[in-house]
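Engineer: Please model the complete structure; the sequences and the hints are all you need to start from.
As given, the protein sequences belong to chains A and W, one line each in that order. Here my numbering is used: the first residue of the first sequence is 1496, the next is one more, and so on. Here my numbering is used: the first residue of the second sequence is 1496, the next is one more, and so on.
Among these hints, one or two may not hold up.
As the list claims (entries may be wrong) - No farther apart than 20 Å at their CA atoms in a straight line, the calculated lysine to aspartate or glutamate pairs in the EDC-like style are these:
# : chain 1 : residue 1 : chain 2 : residue 2
1 : A       : K1936     : W       : D1941
2 : W       : K1936     : A       : D1585
3 : W       : K1936     : W       : D1655
4 : W       : K1638     : A       : D1585
5 : W       : K1936     : W       : D1951
Worth flagging that the hints you see were computed from the coordinates, not collected in a lab.
2 protein chains.
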Amino acid sequence: MRGSIATDEATLRAYSIDRSGVEPDGVPVAVVWPEDTGQVQAAVRWAREHGVSVVPRGAGTGLAGSATAGSGSLVVCLERMNKVLEVSADDRLAVVQPGILNDELNAVLHKDGLWWPPDPASKAISTVGGNIAANAGGFLCAKYGVTQQWVLGLTVVLADGRVVSMGRRTVKGVSGYDITSMLIGSEGTLGIIVECVLKVRPLQSAERATLVAVCDSAVDAAAAASAVTAANLQPAMMELLDEVTSAAVVGHLVATDETFVDPTEGKPASLLLVQTDGLGAAAELAQVHDAVAGFARHVRVAQSDAETEALIGMRRAVFPAIERMGGSVLVEDIAVPRTRMAEAFTRMREIERKYGVTLPSAAHAGDGNMHPVFVFEPVAGETGLDAVPAHVWEAADEVFTVALEMGGTLTGEHGVGLLKKRFLPEELGEDQTELQQQLRKVFDPDGIMNPGKVLD
Amino acid sequence: MRGSIATDEATLRAYSIDRSGVEPDGVPVAVVWPEDTGQVQAAVRWAREHGVSVVPRGAGTGLAGSATAGSGSLVVCLERMNKVLEVSADDRLAVVQPGILNDELNAVLHKDGLWWPPDPASKAISTVGGNIAANAGGFLCAKYGVTQQWVLGLTVVLADGRVVSMGRRTVKGVSGYDITSMLIGSEGTLGIIVECVLKVRPLQSAERATLVAVCDSAVDAAAAASAVTAANLQPAMMELLDEVTSAAVVGHLVATDETFVDPTEGKPASLLLVQTDGLGAAAELAQVHDAVAGFARHVRVAQSDAETEALIGMRRAVFPAIERMGGSVLVEDIAVPRTRMAEAFTRMREIERKYGVTLPSAAHAGDGNMHPVFVFEPVAGETGLDAVPAHVWEAADEVFTVALEMGGTLTGEHGVGLLKKRFLPEELGEDQTELQQQLRKVFDPDGIMNPGKVLD
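Structural biologist: Right under this line is the structure:
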């Protein structure tokens, strides 16, 4: 096998984990960095021959544990397969290798006035292949869709080393089963993505209009968000910060940004940040204003680019601000039908009281995707998830239960990996779980592709 | 088994065929019209016990033969399961039974200012379940997407009679493999869709602007269409009529519509009809005008609603006009990368000369989906596809070959069914064909679901 390989302890340890906090049992046998499809095939075949499992990896930014690699595994890291192979403005597509970073790809596309819309918060540091393997979301999904809508075709190395190109280069096509969509969000369990035909679109309009609704509670802010959707408006971005999160963000920005002007005017509040775009942005924002006004203490419309940046900057500051609260954090990722969001916030407050936990939440309110974040004192002497106290796990279990009770999902955009695997059969039901296990087995009869992740 | 059933010869014959022209070997053993999921399960279980295969059917408007039912089959017709179970403006979703017609659903949604965008030409007579089973396209796909983008979840009766609910009610979600997308476009071979959770959106803007570019040839019109895409514009509709099609349409409308004003001014031409929508419709059309002007003999911008209707009416008149040319017709459905469309029209002209056939084409030029239509004298004494002469079949084979050579697909929106099955392995490749066959077997180990369709 050509290509680069590492077997030193420090590298193995670094590539055994992702950003989930999961600590695997030991380290992989090696990390390889293939530079072409043939090298990926060689790696998979070597692993198969030697009874070693394969863990595909992009930049390792995943939050669910899908890229963790324990003993007896080979990490196949795609970060050196990072070329843009083709950009066609006329065909509205780009062909790329999986290891390119999302922001790097978009920098190339922007030169042609094009854009690949998936925008996970990690986009500066996460790979396109990883975005696809996780079906990544982001801020703009309610209007611009999740990753799945922006992939036309994939070339994949299967568990037996064969290469299959699925999907197509055309916008339409119904020839055979859509297994491309099955690979999207499969978290490295069905094959290794080695080439991606991406659907691209013209750049997002530079015309933007932005407001913040300052509400008494997250329940009010969620009701305001529902009112926007019910009024048939379609903001590009609609982000909700609950009371605890808003206070943390304000505190953080007051401490770190001398130009920051606090829209809450120092009073506890939940914030709904809304941005419209396109030729009708200002007119649409006026309608948003009408929809949210009845639920808000006051509404502030950004009057300048600087003010827009400051408001959107509040959303971007959520995780730094929460980390500043002290202790460790565990980020959840439930999604509920948009109409149930207000109720979901009420339930989060109940969970806080019942388990004595601190659980600030931010939400992509346009699509009902909530990120409750447990903030806790780590268990002494432990690291990673072992440092999460038992009562926090119990509270986390109840967060999942709430999501499923409301007709929602365990994971809106982070994936199942190891962290949510235990709950997946509850969401899928027994029959679908069995069906999905059997389908996985077709792709990987011997169970060498990222075993133990997503489904048993 | 409760529910309605028919076994009389006339009904069996009527329900043995769809609109593909395929004539099956004999008639089904019975047609049943279940009224709920339990009755669908009962029908499937009865078929399984009696060694009979199952052919799911909506309105029978399919063009690929997926709903044809020969001897030894049971037709499960979903047309009586046609209820709207839920419409939620706040959650932007609708839950419906599969047998509702597309237009009927949209009439219900429009009352709430909502819209389910899939718009196959058959939408007045085709069912939502059928649209999903075929992943139907239409005029608006380049801007508004195909059916797959507008389905959140499905409830399906499997071949063993079990019921599985897949997908979700939330916009985002990455819990488990996306098997919902696999069912979409599966043409009744993986299970019977009994309930659909549809993603809906606000109604298409009533602001429209429309033009027609009158070009010397389809090659010029295709180049004009490419120029629109390359200019990063996104019309709601961009339809191309080649020279023969335009002449047929003009002839037909002159004969049938006394108010019709011919935009070609009586000279042979290929037409590119472009409609923009939304708040910036007029401004965007002006940019379209700039993009196409260099490729057109002249460009006419609709100055009134009546003129808009007249221009769009030319596209709607394509199939009636071609049928008026005399003889029988065979409609193809290839899609090619948008940049290859001009070349594809040249190849269609070559095929006309080589095989001595008449092959007018219309295209959804915004997404490269072309409908070449063979017009021919039927073989004496034969009906259906048996009446298609050998040289027309040979020419049709070459149409498919051209599509695949250009990196396109056999079928953009009509499906594989029986008509294109022979060519599918060539498009998918040997390894993917085998993979898809194995995946089908997981859903249907005994091969009772619509056997012989799509894949062997």
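Engineer: Check each numbered hint against the structure and report the violated ones by number, ascending.
Structural biologist: Checked against the structure, the only hint that fails is number 2, while the rest are satisfied.
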